[in-house]
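Colleague: Residue-level listing of the chains:
Protein chains: 2
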Amino acid sequence: MFNVIALILALAGAVEESSAPRTVSELGNGVWQIRFGTPEAFTPNVFRECEPRWEALDRLPKDALIPFDLNGITGDIRASRTVVSIPCDEPDSHIYGFGLDPGAFDQKGLRKWLSVCASVVGKTGASHGPVPFYVSTRGYGIYVDTARVPFVHVARLARKDAPAREPSADQAALSTSEKELYAACKAQGTRQVVFDIPGNTSGIDVYVFAGPTVREAVQRFNLFAGGGCMPPLWGLGLKYRTHSNAMEEEVLRLAKSFREMKIPCDMFGLEPGWQTHAYSCSLAWSGERFPHHQAMVDQLWGMNFRVNLWEHAYIHPTSPLFAPLKDHSGEYLVWEGLVVDFPDPAASKLFADYHENELINKGISAFKADECDRQFIDDTTPFNYPYFTKFPSGIDGDQMTQLYGYLYQRSILSAFKKKGLRTWGDVRATTALAAPLPFNLYSDAYEFDQYLRQLVNASFCGLLWSPEVREAGTREETLNRIGMSSLAPQMCLNIWFMPHPIWEQYNRAKNEKHDLLPKEEQQAMAGRIRDIANLRMSLLPYLYACFFRYREEGLPPVRALVLEFPNDPGVYFIDDQYMYGDALMAAPFLRAAHERSVYFPADCAWIDFRTNKKYPGGTKQTVQGDPGDVPLFVKENSLLPVATPVERVARDTIFDLTVCVYGDTPAPMALIEDDGETYNYERGQFNRVILAWEKGKIMVTREGNFPETRYRINAWKKIQGE
Amino acid sequence: MFNVIALILALAGAVEESSAPRTVSELGNGVWQIRFGTPEAFTPNVFRECEPRWEALDRLPKDALIPFDLNGITGDIRASRTVVSIPCDEPDSHIYGFGLDPGAFDQKGLRKWLSVCASVVGKTGASHGPVPFYVSTRGYGIYVDTARVPFVHVARLARKDAPAREPSADQAALSTSEKELYAACKAQGTRQVVFDIPGNTSGIDVYVFAGPTVREAVQRFNLFAGGGCMPPLWGLGLKYRTHSNAMEEEVLRLAKSFREMKIPCDMFGLEPGWQTHAYSCSLAWSGERFPHHQAMVDQLWGMNFRVNLWEHAYIHPTSPLFAPLKDHSGEYLVWEGLVVDFPDPAASKLFADYHENELINKGISAFKADECDRQFIDDTTPFNYPYFTKFPSGIDGDQMTQLYGYLYQRSILSAFKKKGLRTWGDVRATTALAAPLPFNLYSDAYEFDQYLRQLVNASFCGLLWSPEVREAGTREETLNRIGMSSLAPQMCLNIWFMPHPIWEQYNRAKNEKHDLLPKEEQQAMAGRIRDIANLRMSLLPYLYACFFRYREEGLPPVRALVLEFPNDPGVYFIDDQYMYGDALMAAPFLRAAHERSVYFPADCAWIDFRTNKKYPGGTKQTVQGDPGDVPLFVKENSLLPVATPVERVARDTIFDLTVCVYGDTPAPMALIEDDGETYNYERGQFNRVILAWEKGKIMVTREGNFPETRYRINAWKKIQGE
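Chains as they are written, first to last, in this note's numbering: chain A, 1 to 722; chain B, 1 to 722.
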């Protein structure tokens with residue numbers, strides 16, 4: 001199934017006793033597949049959205065070495081499970097990845113449990129986007145292609161037959177406190193990463209991605225997935241989700257108030273109440289709450305608002321989709337609704353066609369695909385089908401639970417693709433190889449630290465994380481959350497449980513009781529939100545270019561610092577700062593803070609985006625700021641195009657740009673100019689607008705055959721930093 | 001393998017499409033086995049301690065009916081799991097069981113996850129003693145014989161092809177609050193109990209136990225297991241576990257102070273520090289802390305204290321057992337120690353022989369088998385071997401984790417049995433068919449409500465639960481905890497983390513800082529503890545008789561009220577009161593309370609054990625009492641033999657009894673008289689001392705051939721209740 005000249009290498013030499021027969025194939029530049037037995041019929045790779053981007057992979061470094069013999073990878077296929085072991089003989093290395101992981105960053109020594117999961121489960125990596133992929137700072141990545149739920153022992157197991165070790169210094173002969181007991185085994189780690197995959201009894205593919213650093217390993221993984229997604233330009237504006245009980249007049253009133261108050265906004269999200277029935281979903285407009293829904297959608301279009309509809313894929317008996325899907329669904333119901341058998345192409349098409357004909361054709365631009373995750377073991381509410389559910393396609397319930405969100409996205413996306421339109425959705429679960437899918441993950445959990453860590457961790461595995469804002473106890477935290485959201489792939493205020501806009505009252509309980517802020521505080525709050533959203537809008541052309549790089553090079557727009565500075569040990573534990581594109585480093589204030597410590601990576605100086613204060617690399621310093629102003633630093637020798645903020649992005653929007661020149665020898669950068677909403681860029685309909693600093697001024701070069709101009713470069717300014 | 005005339009009934013009629021071929025066998029009176037495919041080689045039944053007690057089963061009611069066709073039970077064996085469905089078409093029935101379950105009592109509508117587990121996990125039934133057995137108030141029990149971790153859907157799944165149902169009243173068309181959403185499906189429950197058993201891919205045995213009520217179903221299950229265990233008589237006295245760092249002088253000093261203060265105590269428990277190394281365990285005496293350990297053990301014996309040693313079955317390289325067990329252990333280490341391959345008879349014998357020769361022969365009477373449970377998913381400390389561990393016996397790590405505590409008990413017990421001695425141990429994990437094992441379960445969790453619920457739930461599944469006392473924030477709660485422990489199978493003060501006895505300071509932090517209670521408070525506290533322990537000692541002959549009944553009839557000494565009053569709907573939700581033998585009902589005060597509501601079951605009156613106040617059956621009333629005085633009620637028309645408390649039970653102890661006569665027509669009861677410490681009772685060396693109320697006085701009849709008298713019936717008193 002790969003568009004590749006596969007080199008099937010029959011392995012010379014003995015295979016280890018416990019390992020199943022294997023085939024090693026070099027699939028492309030720095031990408032190997034090691035096959036044990038017969039892989040299962042339902043894995044992320046089987047349902048990949050795109051072919052790997054082999055030609056883009058070819059542009060990455062050649063001959064990057066893997067620091068161990070690929071024959072050292074073993075796969076043991078047993079009656080109830082498959083066990084894959086990967087060498088990890090690197091005492092000083094660090095390991096990152098495993099998906100969205102809210103709980104852990106540096107993964108060594110941990111036991112992961114890579115389940116799609118609605119809850120945060122310690123440091124297990126159970127999350128809305130678990131991915132059986134990791135990278136090592138020794139410069140490689142490993143992906144195990146499974147839709148089962150693996151336990152992964154990351155360099156922590158002690159084999160009986162391992163060479164004798166010195167007892168660790170912290171291990172006394174007698175441990176009597178609980179603390180001593182459970183700390184006693186740090187030194188035990190063997191030098192392997194072991195995937196224990198219960199339920200897989202036939203075989204598996206393991207993929208190895210070369211470096212030379214974590215950065216290129218991640219790029220290769222994302223390009224293998226098909227490259228990063230390209231959002232519509234309007235998707236990068238603010239999304240506001242309205243109150244769950246909002247009726248059409250209320251939605252229109254709120255939409256108008258955004259324009260009147262000049263708070264930028266590009267998308268309105270409607271919650272379950274747009275339907276005649278939820279939960280489960282009818283996917284049909286409620287005549288009671290939205291009697292003139294088509295007129296409302298048209299009016300919103302007229303104000304340049306896109307509409308995003310909440311839904312889930314459990315289909316209520318009153319839905320027009322119920323009868324057609326009855327024979328294309330699982331044997332058990334969820335919330336009395338059918339569970340769509342997405343792996344069955346007929347089921348996926350029925351679902352997609354309905355969305356196309358009934359919703360997309362009538363002006364809907366995106367969907368929020370909710371409740372497609374897996375409940376944790378301690379949760380006995382009825383939101384999941386049982387894991388043994390049978391589906392007509394033959395997938396088993398366990399695999400389905402891991403893949404449901406992923407396949408759900410693919411079905412929705414196929415409807416948009418058929419119409420040649422991009423979309424920018426929300427989804428509550430995904431898995432590996434999701435980089436090409438234009439959906440942002442979100443969560444019911446709401447811990448500030450975890451939101452930030454997920455933003456960082458998402459960058460290792462081809463995921464997009466939306467640290468949406470729902471409420472906060474204080475003004476400061478509300479603004480800090482909005483600030484962080486503004487410097488994420490998607491900016492989203494998800495105000496579904498508040499009857500009033502968040503600037504009228506950020507406290508949920510008070511908002512629900514209509515106990516609003518004093519008028520002047522409301523205005524001040526709205527003003528701050530406008531400022532924050534305007535900052536995002538001013539960075540929109542820059543962000544769009546970052547996404548294009550995600551697509552072309554597999555380099556995500558938001559990045560852990562270790563992806564940018566793989567050789568600076570100072571960043572190996574930093575999970576609360578990140579690169580926002582090539583030029584910017586963000587270091588959000590946590591909770592209600594207005595001060596924090598920031599590490600400035602070693603190989604360059606940094607200039608505060610707001611104050612122009614300069615910080616030398618390799619230092620850690622305390623910074624202050626106003627709530628909502630995420631500390632933001634420009635890497636010296638960068639060009640940063642800053643736009644005059646627009647309130648919304650229309651097909652004909654033209655951005656006025658000022659190029660900020662940081663340092664004396666800035667590298668050139670390329671903006672991307674296209675229609676912003678179709679797939680014509682895939683057929684070459686785009687321009688690279690290359691900005692370069694030459695002889696003391698900005699040179700602009702356009703390459704490409706998109707006939708329109710969307711960026712006017714009006715000015716530049718040189719910023720030295722102080 | 002059964003000592004039974006099995007009626008192998010080839011089933012007439014078609015087997016359902018999804019069900020594997022089956023064999024139905026009637027194994028004994030009211031016990032059926034339904035076999036699907038080929039059962040696995042490692043299950044609780046394969047490792048049963050005793051043969052079923054078929055002759056005792058024959059004394060239970062004959063021809064009790066199962067309210068559904070046994071052919072309605074299906075077993076579906078798949079590539080990654082086996083799914084067993086049992087009819088449950090009983091809208092008004094209640095279901096109990098699934099083992100120790102700290103979180104739930106009435107099990108209908110829940111999803112269980114029957115994992116041996118160190119943590120409390122909501123209402124899943126994950127616990128130190130999960131048991132895939134349940135009973136229905138319709139009068140039957142079902143046991144699924146597996147050492148896998150099943151999910152059990154207890155009458156909660158909604159099949160797509162089920163007949164259409166009316167929407168439930170609480171299900172609105174539009175649910176928008178979280179509460180509505182997750183409550184929306186109560187009416188969905190289909191009428192099946194479904195066991196989903198991942199990892200079982202070959203087949204399974206399902207056992208059905210007849211009633212006519214839950215009581216007889218539990219009796220049959222316990223008799224099928226081999227009947228309840230018979231503790232040594234001394235085991236029913238108080239056990240005190242000493243501080244983890246205690247050295248031999250301290251242990252002896254404390255032992256003497258018990259005798260000086262006349263607080264009854266029969267057993268001293270030593271914590272990890274008795275060994276040269278822990279964690280993992282050397283199982284060898286520390287010369288440093290216990291230089292004269294044999295003399296100490298002998299001295300304790302001289303004061304009639306039994307010694308119980310803490311340990312776990314992860315064997316440290318410095319242990320004499322390490323070399324012999326190296327080839328009889330799993331491939332991975334825990335705390336650097338070997339994991340014993342207990343299913344291998346050679347491994348179990350090596351372990352047992354070491355205990356016999358080095359410890360039991362030198363005066364040790366019992367062991368506390370710790371850390372043999374399974375860590376929960378969120379726990380990444382290194383206390384478990386990985387679930388894929390291979391063992392020479394062929395058991396896989398998943399099965400081993402479920403069976404480790406069970407097999408550990410069996411190994412220890414075999415050493416005592418070989419010497420003809422009974423024991424009374426502690427264990428941190430067990431599973432089904434454990435009724436014959438004389439070990440009490442305990443836990444690191446410490447919620448008062450859960451401790452009480454576990455005491456009640458243990459009674460459905462052949463388990464013993466020890467609500468041990470470790471500390472408490474207040475004097476009242478400390479005493480209430482000690483009170484509850486005194487009315488449990490084992491009374492245990494587990495003071496391992498306090499350097500001073502609990503009566504000198506019940507607050508852990510203060511005790512650790514040597515911040516003790518004022519002297520007079522210490523004395524008062526010691527006095528209360530003495531009183532509570534004396535009450536237990538006065539009930540010791542009664543309790544011993546209850547255990548004998550457990551052995552002979554499968555009726556546990558501690559019982560949920562529904563086991564005693566299966567036809568009184570008033571008890572169907574009561575998980576905080578219990579029968580203590582046939583005559584007594586206990587209703588512990590929770591936490592620091594000194595008042596609570598008590599339900600008095602319907603078919604008789606109840607007399608307060610302390611005040612003689614009489615309560616009519618079928619009522620709910622508020623009762624008060626002093627902290628530590630568990631409200632205790634005698635069922636009218638009972639004979640309750642009360643002993644003059646002794647401080648400890650020796651081989652030659654004779655109990656002086658007063659028979660309390662409650663009501664005008666009390667039923668006779670039988671005390672059991674034997675040596676109290678060997679297995680000679682199994683060969684008939686015991687007396688039934690039958691007490692009967694005839695013509696206004698107590699008649700005593702001795703039946704049996706035990707030559708000694710251990711009970712002197714000195715007096716009786718008639719108590720009417722007021």
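Derived by calculation from the structure, the hints in this document are not laboratory data.
All values reported here derive from a predicted model rather than from experimental measurement.
There's no promise every hint is true.
Any copy will do: because identical chains look the same in the list, a pair fits if it lies in one copy or spans two.
Heads up, simulated DSS-like pairs for lysine-lysine below, C-alpha to C-alpha not over 30 Å straight-line [to be verified]:
1) Lys620 / Lys326
2) Lys614 / Lys326
3) Lys390 / Lys160
4) Lys262 / Lys510
5) Lys123 / Lys160
6) Lys108 / Lys326
7) Lys718 / Lys362
8) Lys717 / Lys519
9) Lys513 / Lys160
10) Lys262 / Lys349
11) Lys614 / Lys718
Colleague: Which numbered conditions among the earlier hints are violated in the structure presented, ordered from lowest to highest?
Modeller: Hints 1, 2, 7, 8, 9, 10 not satisfied by this model.
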